[in-house]
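Can you build the whole structure from these sequences, using the hints too?
Protein chains in written order, with the numbering used here: chain A, 1 to 661; chain B, 1001 to 1213; chain C, 2001 to 2479; chain D, 3001 to 3304.
These are calculated hints, taken from the structure and not from any lab test.
Derived BS3-like pairs (lysine-lysine); straight-line CA-CA distance at most 25 Å: (1) C:Lys2347 - C:Lys2426; (2) A:Lys616 - A:Lys159; (3) C:Lys2347 - A:Lys159; (4) C:Lys2347 - A:Lys639; (5) C:Lys2426 - A:Lys159; (6) A:Lys639 - B:Lys1212; (7) D:Lys3026 - D:Lys3048; (8) B:Lys1212 - C:Lys2347; (9) D:Lys3028 - D:Lys3048.
Residue-level listing of the chains:
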Amino acid sequence: MMNEVILIVAIVVAGVSGLPGLLTLRDDRSGERLATGLITLAGVLASVAAVSALVAESPDELGRAWHVPGGRFGVHVDALSAMFILQIAVLSVLGAWFGLEYWPQRDHPQNGRKLRVFYGTVTAGMLLLVVARNGVLFLAGWETMALSAFFLLSTEDDKPIVRSSGFFYLLAAHAGTLCLLAMFAVFEVATGTLDLDAWPAALASPLRDAIFVLALCGFGLKAGLMPLHVWLPGAHANAPSHVSALMSGVLIKMGIYGLVRLTAACDAPPLWWGETLIVAGAVSGVLGVAFAIGQHDLKRLLAYHSVENIGIIVMGLGVAVLGRSLGRPELVALGFAGAMLHVWNHGLFKGLLFLSAGSVLHATGTREIDRLGGLLRRMPLTGLAFLVGAVAICGLPPLNGLISELFVYLGLFRTATLNDPTWLAGGLAAPALALIGALAVACFVKVFGVVFLGQPRTPDVSLAHEAGPLMLVPMALLAATCVFIGVGAPLVAPVLDAAVAAWVGTAAAPLPTLGELAPLLPVSAISAVLLVAILLAGAWIVRASRATPPPELGTWDCGYASPSPRMQYTASSFADLIVDLTGWVLRPLSHVPRLDRVFPSDASFHSHVPDIVLDKMLIPAFSIIRRIMTWLHLIQHGKLHIYLLYILGIVIALLFWWRSM
Amino acid sequence: MPELVDPILVAVLVLNFRLLGTSRLRTAINASAMQGALIGLLAVVMHGALEPRSTFIGIVAFIAKGLIIPILLNKAMSEAAIRREIEPYISFVTSLVLGAVATAAAVLFADRLPLAPEHVGSLLVPTSLATVLTGFLLMVTRRKAITQVVGYLVLENGIFIMGLCLHDAMPSLVEVGVLLDLVVAIFVIGIVINHINRDFGSLDIARLDTLKE
Amino acid sequence: MLLIALILLPLLLAVAAFITPSERTRPWMVPVGAVVELALVVLLLRQPGDPAAFGGWVVLDKLGRIMLPLVCILFTACAFYVPAYLRLRPERPNRVFTAMLLTFLSMMVLITISHHMGLMWVAIEACTLATAPLLYFNHNRASIEATWKYLLIGGVGIALALLGSFFLAYASLASGLHASLLIEDLVRDAPLLSLPWLHTAFIMLFVGYGTKMGLAPMHTWKPDAYGEAPGVVGALLAGGLTTGAFMSILRYYQVCAAAGEGEFAREIMVVIGLLSMAVAGVFMVGQRDYKRMLAYSSVEHMGILMLGMGIGGLAAFGALLHVINNALTKGALFIAAANIHRAFGSKTTDGVSGALRRVPISAGIFVAGFFAITGSPPFGPFLSEFTILRGAVEAGRYGVAAAFLALLFVVFVGMGTTVLAVVQGKTPADMPSTGFHDSVGTVGPPLILLAAVLVLGLWLPSELETALRAAALMVETGK
Amino acid sequence: MNYINIAIHLALALALPPLALGVINKTKAAVAGRLGPPLLQPYFDLAKLLRKSTVISQTTSWVFLAGPAIGLVTVLLASLFVPLGGHVAPLSFEGDFVLFAYMLGLGRFFTILAALDTGSAFEGMGAAREATFSALAEPALFFGFLVLARASGAYSLTAMLGPTVLATWTAAGAALGAVVVSWFIILLAENSRIPFDDPNTHLELTMIHEVMVLDHSGPPFGMILYGASIKLFLFCALIIGLIAPLGALDPWLAWVAFVGLVLVVAVGIGLVESMMARLRMTQVPALLIASCLVAAFGAVLLVR
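Structure representation (C-alpha cells):
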C-alpha cells in the first residue's frame, strides 16, 4: 500500500512541477530551477516506490471509489509497472537537468514556461498510466500524456514544419486513443467490468481476437510499429532535444507497456498472436533501419532508429507470447527478458544519443549532418558520448545493447528449432535481426563519421563549443549505465526474473531463471576483458600520439590540385549504395542538376528519402478525401428555397421509409 | 351548420390554386388574407355559433389572419416599392400542375389515415395537407421575399385547419398563443424584409446567397 | 408558485431593461436577472416530487430537473459576459439586445418545464422570434441574410412541429379517446393511440424540432446563424435552444416508447444521428471560418445526442450526460471564439494566426475547449462519448460503434486543422492589433464553464448521476 | 588435458595466420608461373612494420589510432570462440556465435571509423563499400548458424561444429553443402579476396579494404595486417569445422590434420583468386545476396 501512496505523491509533484514557473517573470531563472527540482523529487519518489515494489511485491492495490461512469481509482505497483516507472523516472529527471542549459528560460521567453508545465504533466501522465488498474483511469493517464506531448512537441510553433509534424502526431495519437476506446468497450462487453484485473476473463472470451487487434492498432500507433510509425520521425525531429529523448526513450514504450499488460493475462494465446508480433517486429526493424540510413537530418535518423528498436522489442515480446501458446517456459523467459531489457537499454542509449544530438544542435544550430564534420576536435566529450550511444545501439559488445539482443537471438533460435510450423517465423526473424544489426552499424558509422570525424564541411562548425556541465553530466550518467548493464548483466538478471514472473502471473509453472538459460557470466567476463583491452589501447594511443611529433601534413590526396573539405564523403554518398539496394521500398528522391550549357555553371545536388507510408500513401489519400469533401460543400450553396426543399425531402423520405417498414 | 364546412374547404382549395397562379404580389396577399378569413369563419361554423370557445378563436383568427397580417404585408410591400413577382424558378403553369399533384397526393395520403367518426366524410384533413403543401410550393418556387412570406402564411393556414378538428385538445389560451406567435413572426419578418431591401437593394432571393461554403 | 415566478420574472426584467434609458446600466440587468433566476431554480430543485402549476400544464419532472438548472447555469455564465461584450461594442445600441436576451431566458425556462405540448410549441416559437434580433446585432448584410434564413427555415420547421402535434392529438381522437396534448394524458393512453397517426406525427415532430436542433439535413441555417451572431448568442443557441429542442423530441420519444413503438423512433434517431455527424465531418474538413466550424461542431454533437438516444440503455444515459457536457463546453468555445474574433477582427484562418500570443487566455480556452469537445479525457465530453460507445457495443451494434468512432476521427481532423491554424504560429505583421486584450469580464465566464467541464470529467456528483439515470429510464420506458 | 589444447589453440591462432597468407600468395604466383614472394614474407612485413615510425595526418583524432588497436583486440577475442580441429574452443557457451559475429562487427565499426577520420574521399569510398557489403554478408552467416543450430539442436559454436556434423552430412548433406558454399563466399567477401576486392591493387575505384587502410603506417598498419590475417584464419577454421569433422580422430593427429587442412584451404583460396577476375562493384551485392539465399535454401531443406 505504501508504494502506491508514494507513487501518487510523485505523480502529483510531477504534475504541478511546471506550474510555479508560470507565476515568475518571463526571463527569471527561479521558475526553471524549481521545476527541475520538483521533477527530480518526483523521480526519486517514483524510483523508491518502484524499487520497493520490485523487492517486496505487495499484492493489494490502492482502490478508491471514483464517481465517474465505469471508473474506479485503482492503482497498483507490480514488478511490470516498476520496470517502466524506473525508466520514466531516470529519463525525465536527466532530461529536466539537460533542459536547464539546453532550453534556458532567458533564451526562450516565449515558450520556456509552457515547455516546463507540459514536461511535468507528461511525466505525471506516464506514471499514472503504468499503475492504473481501471480502464477509465488508464485512458485518463494515456490522454494526458498524449496531449502534453503534443504541446511539448509544438514548443517552437512559429515554424511551419513544427506545426505540421505536431498535427500529424496529434492525429495519430487521437486515432490510437479511439482504437483504445473501442478496445475497452469490447473489453467491458467481454468481462462486464472496466477493471484491468479482469484481463484474464477478457482474453478467454470469444471477443479476444477483436480485443487483440484493436489493442495492437492502438498501442502500435503509440509505439511506432512500421505501418503506424508515420508521426514518429517528424515529431522527434522537431521537438526540443531533451523532449525527443523523453519521447523516444520512454513515451513510445507506453505502447509496449500496453501490449505487455494485454498479453500478460493470457495463458494460452492463439498461435497467430505470437507470429504477428514477430513478423511485425521484424518488418519494423528492417524497414526502420533502412529508412534511417537514407536520412540526412540527425534527429530524424535517430527517430527512425526508435522504430527499429521497437521492432526488436516487439520481436522479443512475440517470442514470449509464442512461448506461452506453445507451453515452452524457456521461450517465455528469454523472449520477455529480452524485450524488457531492450526497453530499458533503448531508453538509455536512445536518450543518450538524442541528448548528444541536442548538444550538437545547441552548438552548431543545424541538424543537417552534411553541413557538419570534424566536431570531435571541438566537442570531444559530446563526441565520446555519441560514440558510446552508437556502439550500444548497434548491439556491439561490451555495452548493453548486446545483452538484450542476445536474449532475443536465443529466443528466436529456440523457436527455430521447434518442429511445428511456427519455426518459419522465428527462423526468418533471426537473420532479419542480424541484418538490422549490420545496417545499424552501417548507419551509425555514417553518422559518427560524417558529423564528428574528418574536416568541418561548412563554417557552421567553427562556432561550435563543448556543452556545459549541466548537459554533459546527464550524458555521462547514461553512458555509465549503458556500460554498467553491458558488463554487469548478471546483476540485472534477478530484476528481469521478477518481471517475467509478474508477467506470467503466479498461476504458471515455475520458470527457469535467466542464469540457466543465457550465458550471463561468460558474456560479462568477456565484456570486462574487452573493456580493459580498450582502455589499454587508449593508453597506448595517448602514449603513441605524445611520442610522435605533432602532424603537420594533411591526408595524402593523390596530389589533387585544390582539395576542399567538401570533397569528403557526405551522408548521402555514404548511404548511396544501400539506398539504391533498398530503393524499391525507400523510393529516394534526388534532384540531379542537368548540365546542358557548354561552360559549367554552379549546380546543386539534393537527395532525400521520403517516408513511404506518410508521403506516398497517407498524404495522397488524405488530399483525395479532402478534395471530395470540399466538393461536397456544394450542398451548402446559400439558396434558401433549396434548403426548404431539403426539409420537405427528408419528411417525404421518412414517410416512404416508414411505409416500407 | 356543419354542412357549411365542406363548401368553405373547397373555397380554400380554390384559393390555393389562385395563389399558385397569380404573378402579382397584391393578389397573392389578398388571396392569403381571404383564406385566413375563411378559416376564421370555418372555426365559428364548425362547432355551431353557440360554442363560446370556438367562436372566440374563430373571431381572433379572423382578425389576425384576415386584417392585421395583410396590413403588415402591404406596408412592407409598399416600402419595398415592388409590384410584380419577377420570373420565378419554375413557370406559373408548372407550379399550378405541381399544386394539383400536391393536392392529389394530400387526398391520397389523408384517406389512408383512420379518421374519427365525426370527421369521416369531411374534407378537413386533405384540405389541411393540401394547403400545407401549397405553402411549401410557394416558398420553394418563388423568388421574391414577400411571396415566400405569403407561402409561409398559407402553410400556417393549412396547419390551423388541422388544429380546428382538435377542438378540445388545444385550450384557447394556447390557441391564442399560436396566433400571437404568428402575428409577431410576420411583424419581425416585415422588419427584416425592409432591412433586406435597404441593404440588398432588392428583394430577389437570388441575391441572398452570399453565405455559403 | 415558484414556477410562475420563474417564467414571469425575466419577462418583467426584459420590459424594465427596454425602458431604462442609460446604455451603461442596462447591460447589468442581464446578469442580475440570471442570478435571481438561478436562485429561484435552486429553491425549486429543493422541493421534492414534481411541483406543478397552471393546472398541470407546467410541471418540473425528472427531465426538467436536469435541463432547467443546465439552461440557467449556461445563461448566467453568458450573462456575466454580456456587459463586458457590450462595452466593447459602444457603437451598437443594446436596448433590444438586452431585452431579447431576458425574453430568451424566460422562454427557455418555459420550454424545460412545460408539460403541454402546445404550450411548449409556443415557447419554442417565442424563443425563435426572440433570437432574431440577437442574430441581427451586427447589422451588416451577412447578419441580415443569416437572420432571414434562420427565421424562415426555423418557421417552416416549427410549423411542421405544430402539424405533428395536431397529428399526435388526432391519434387519440381517431381511436375514440379524449384528445389532449398533456404529456401525462398522452403517455397514459399511448398504447391505444392509432399507429398510422402516431408514426406520421413522430416523423413530422422529429423533422420539425430537428430543424430547431440543427440535425442534418435540416441544419442549413446553423452555420450562417452561428457564424454571423455574436459569440454569446451563439453560445446560448448552441447550449440552450438546441437542448430545449432535444428535450421536446425526448417528450415525443417518451410517448412513442410508451406506445410500444420505441424501436421505430430509435431507428430514425440512429440514422439521422450518424447522418448529422457525417455532414458535420464533411463540412469541417477544409473549413476556414472558425465560427462556422463551431456551428458544424454543434450539428455533430446534436447527431451524437440523437445517436446515443437511438441506441438506448447505457447510451441513453450517456446522451443525457452529453447534453450537459456539450452545452457547457460549447458555451466556453463560443465565447473564446468571440474574444479571438474581437482581437483579430477576422473570422477566417487567413486573417487569424498566433492567437496564443495575442490573447493567451482566450486562445488557451479555445484549444482546451477543442480537446474537450473532441472527447479527450480528462474533460467531461470524453466520459459521455465513451459511455455512448460502451452502450453501442453492449447493444451489439458494432457497425454503428465503428461508424461513430470513424466520424469522430474525421471531425477531429477537420476541427484540428482550423483550431491549430488559429491558435499556433506567429502573428504576421499584416494582422493589425484591434487593441482588444483579455480582461476579467471577457475571460471569466468561459473559464468558469471550462472548469465545470473539467470537474465533470473528473468527478460526476452521485445525485446528478442518479437524476440522469432516472430521467433516462423515464424517457426510455415512458414511466 | 584441455589446458594443453587451449595453449595449442592460442599458439596456432597467433602464429599460423600469416603463413596462410604466404601460402595463398605462393599459390597465385605458382599458377601464374612466377616464383612469388617467400612463404614467410608476411612475417617479415610484420616485423618491418613494427620497427617503422607512424605518420599521422593532421585531420585525424584519437579514433584513427583506435581503429587498428580495437580491430586487433576484437579479432583475438573472437578467435577464443571458434573450435579448431574438432577440439573444444577455449570459450564455449550458448549464444557464443552471436558474440563471435558482433565482436567482428565491433572491429569493423572502428576500422571504418578510422577510415572516415582521415577525411579524404578515397577512405570514404572504401568505408561506404565495406559497410554495405558486410551488412549483406551478416544474414548469410546467421542463416548458416540457423542451419547448424537446427541440425545439432545446440546453440554454441563448439557443439554446432562438433560430433553432430558427421551425422548431419549423412542425414541432410545438401543443407550443409549449401552452408559451406555460402560461408566460402562470405570468407572471400569479408577478407577482401579477389572476386570482391583485389588485395594488392591500388586503384581507388576498385579497392575496399586496401583503400580503408591507405593512410595507416608503422605499427598500427602492422596490427591491421595481422588482424586481417587472423580473421581469414578464423573463417578458414569455420569452414574446416564444417567440411572435416576432426572430432573423431586422436587429439594430436587432429591438430596436425587441422594445420594441413588450413594450408589446403589457403591453396584453395589461392586457386580461386587466380582463376577469377575482380567483379564490377555493382555485381558484388548480387553475389552476396545469392550467398544469403543459398544459406536460406539450406535452412528450408532441413525442414522438409
